[in-house]
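**Q** Next come the chains, spelled out residue by residue.
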Amino acid sequence: MMRDEKRLGWTMALPALSVIALIALGPILWAAWESLYLHDLRMPWLGRRFIGAQNYIEALSDPRFWGAIGHTLAFAAVSVSLELVLGLALAVAVDSMTRGRGLVRTAMLLPWAVPTVVVGLVWRFIFETPAGLMNAVLVGSGVMADPPIWFADPEAAWVPIILADVWKTTPFVALLLLAGLQNIERSLYEAAQIDGASVWRQFTAITLPLLKPALLVALVFRTVDAFRVFDVIYVMTGGGPGTATEPIAMYTFSALLENLRFGYGSALSVVIFVATFLLALIAIRLMGRRTLIEPAS
Amino acid sequence: MTGGIWGIGRRLAIAVMVSAILFPIYWVAVASFTPESQLFGQVDLVPTRLVFDHYRAVFSERALGTAVWNSLIVAGATTLLCVPIGALCAYALARLPFPGRTLVLTSVLAISMFPQISIVSPLYLLLRELRLIDTYAGLVLPYLTFAMPLTIWLLVGFFRQLPRELEEAALMDGASRLRTLWTIVLPLSWPGLTTTAILTFLYCWNEFLFALCFTLGPDRYTVPVAIALFRGQYQVPWGQILAGALVATLPVAMLVFLAQRRIVAGLTSGAVKG
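Sequence lines, in order, name chains A and B. Position 192 of the first sequence, counted from 1, bears residue number 192 in the working numbering, the numbering being contiguous throughout. Position in the second sequence (first residue = 1) + 1000 = the working numbering.
If we strip away everything but chain A, and leave its shape as in the complex, we get:
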């Protein structure tokens, strides 16, 4: 009986797992293999020559590669911290709502569901120069007399990009944290109130420590996600001006599909993969004890 069940289990799981192995795991190995070759589809006469670690050495000595890594890390750091802080504030505010919570939740889910490409285009429209909405508001309210030409300025271009990402993702982070907040025993707050603890003290002594696991999961998931940023930057700046806002995923995209350098592009892919994989492992370890290893009973 037990042995039959085991066999049945594997039979049922096999189709899905083999699909994953064939089209997700296989390609990763293939990319690692491909990254050791000189394979330039624009120059088919060169063939496909084994060059060892040459592609990696080229990447490591390429300033555009390091620039792209720097942009990705900076984008991840700024957007994820903003999203966590604002998301926590939004979650705490919504958690104590008594009426209309369903409506607010629908509103919060909307940005997450809007295609990232659309989000990028919407915010590009708002920041258009000279007469976009943002400039009208900034000039009209007297905050800035002379706003920058957002998408032509290597630094200012990050503002709309990060705003777009924060707009799309903060409500989602808030929803994750809200689920964590709702697991906290209400009686803890009542006891604290009887002891005369202030609202701020309740937040730091009860909410934050008990929310730490959810915060950590949100942090790591968002970081992994921010590390692969592509869509929003592609439609907003295309990585420009020049390569001033080019993240690593876009540099790889351009090596592969614009320059058709498959060996070199594969080396870049492997670098991204290893970096995100390490982050993902951390994420899974964090969740592990609570969801994964849960016994089947």
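Among the clues, some could well be false.
To be verified - Chain B side only, calculated, beta carbon under 10 angstroms to chain A, not exhaustive:
{"#": "1", "residue": "1091"}
{"#": "2", "residue": "1092"}
{"#": "3", "residue": "1106"}
{"#": "4", "residue": "1116"}
{"#": "5", "residue": "1117"}
{"#": "6", "residue": "1119"}
{"#": "7", "residue": "1128"}
{"#": "8", "residue": "1184"}
{"#": "9", "residue": "1187"}
{"#": "10", "residue": "1188"}
{"#": "11", "residue": "1208"}
{"#": "12", "residue": "1212"}
Hints in this document: simulated from the structure, not taken from any laboratory. A virtual CB, placed ideally from N, CA and C, is assigned to each residue, including glycine.
Model the placement of chain B on the given structure of chain A, informed by the hints.
**A** The following block gives chain B in isolation, referenced to the frame of chain A:
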């Protein structure tokens, strides 16, 4: 936390944040009904006249209808493939004695976090070899890489939440595993299966990178690729882009309104609940 300053501050904060979320969508909706020449002039907050020019243009000149059709086919086919196959796998992982369960689940989760760009190069070479570049199958196959782990992960969560007693009673009565699955578990699982289908569809509908890499022209562009590549001869055709953006958002917004509660439950069960 009682009323007073905190209560007012809280309500104010919620109001500000909800407007910050909704206003850009509203603004774009209004702008998409505004004539091109007035887009960067005085756009009224409450429009007095709706102009449908941009919508006519995106469907007649830009072939957005084709893109919508392509997106529906690709997202629909991926969902229809993933949910049944993923459900079998998820049930086995959730309920059957399964040696190596933790390892399999960990790998599935890790794969769902793959950066898509890192498998573009091998997938491109593979699809080129199979002559599948710029075909529907050439999008469905790559989409399985993120959709299959996603469905498995979500459904394992749903199956674990089902009460075990019913299945055990049926098994006691001598029904086979598969029969139990078909007659007891499946009818109970419709909410989980539909939520998973909705989420998978959403992810496929919104996907951009693979569709950009593996299609070559408007005949096979999906909606996100089509609107990202709208170009004007002299200037950015903003009116059409915004109309296209609204068309791309409408289906997902409808799904969110219909299934808000379930989507939130599905998304948060894997990540937060222990």
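**Q** Give me the numbers of the hints this structure contradicts, sorted from smallest to largest.
**A** Violated: hints 8, 9 and 10.
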